[in-house]
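Please work from the sequences and hints to get the whole structure.
In case it helps, mature numbering (1 follows the signal peptide of the UniProt record, and there is no 0) puts the sequence shown at residues -35 to -1, 1 to 250.
There is no bait here: all hints are sound.
With a cut-off of at most 16 Å between alpha-carbon atoms, the simulated EDC-like pairs for lysine to aspartate or glutamate come out as follows:
hint, residue 1, residue 2
1, K33, E96
2, K33, D19
3, K33, E95
4, K110, D143
5, K117, E96
Restraint-style ranges between C-beta atoms, simulated for each label pair:
hint, residue 1, residue 2, range
6, D19, K248, 37 to 43 Å
7, P31, G85, 17 to 23 Å
8, P240, A82, 27 to 33 Å
9, L57, E16, 16 to 22 Å
Since the hints were made in silico from the structure, they are not lab data.
Glycine residues also receive a C-beta, built at the ideal position from the N, C-alpha and C atoms.
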Amino acid sequence: MPSLRSRNSWPLALPSFFYLLASSLLSCTAQSAEAGCGPYGHGISSIVSEELYDSIFLHKDDSACPAKGFYPYASFVRAASRFRRFGGTGDLDTRKREVAAFLAQISHETTGGWATAPDGPYAWGLCFKEEINPQSNYCDSTNKKWPCYPGKSYHGRGPIQLSWNYNYGPAGRALGFDGLRNPEIVGNNSVIAFETAMWFWMTKQKPKPSCHDVMVGRYRPTAADVRANRTVGFGLVTNIINGGLECGVPDDSRVADRIGFYRRYAQLFDVDVGPNLDCAYQKSF
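Following this line, the structure appears as structure tokens:
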């Protein structure tokens, strides 16, 4: 039975409790831009510490990498603070798995690794910030909603290698920059670069689900998905990102590279990779 003292002191403790709670919330708000403070107390930094980030991207700041110095941890965390559901949905393993999958996909898109590279081919993510020798300006002139601006190129830039006017336009609108008139900012501002990658990851582009929904278990296959064998897992994320070129093709080396990054990162996060890693037998969207 509680003592008389404990019963009488509880109401007096309430103001102190709410004061501490309010102080904590205010501190979280103040720190959010730099520390990724979120619903779990520390946001993305509770999943990816700076030490882990550096161990994942061992060679991103090597002189051999054109993006040297462009992808610091602080920019990653600051960008993530705009997307609180990223790495903040589900139980701890789900959150880890999603972030590992995201980092694996952007690592493939920006890789500077090769088969005999120091520390292996999967230690060279975030080596590039722009597509090398783009074969076109990636302008879909038939898209009237997001018309290309004269003289601008919408080739791959940033961690996800954002491409095409119909991605730059809505990404810019969502994030607060003019993606059609100023696509270059994605290759010049590291925070915006990370934000575009997270925007792409979190955004549904029908008939495609978002990569986020797939990795946190919110994706529900449509009848068309079932017929196309688009099953839940990391392979479906690859399908969303570049399925038209890589999926439905057994033993595609690009798919294998994405999986290689993902396996390494999942091990570093101490989480299993989940089912259906490839998209060899999936039809693209």
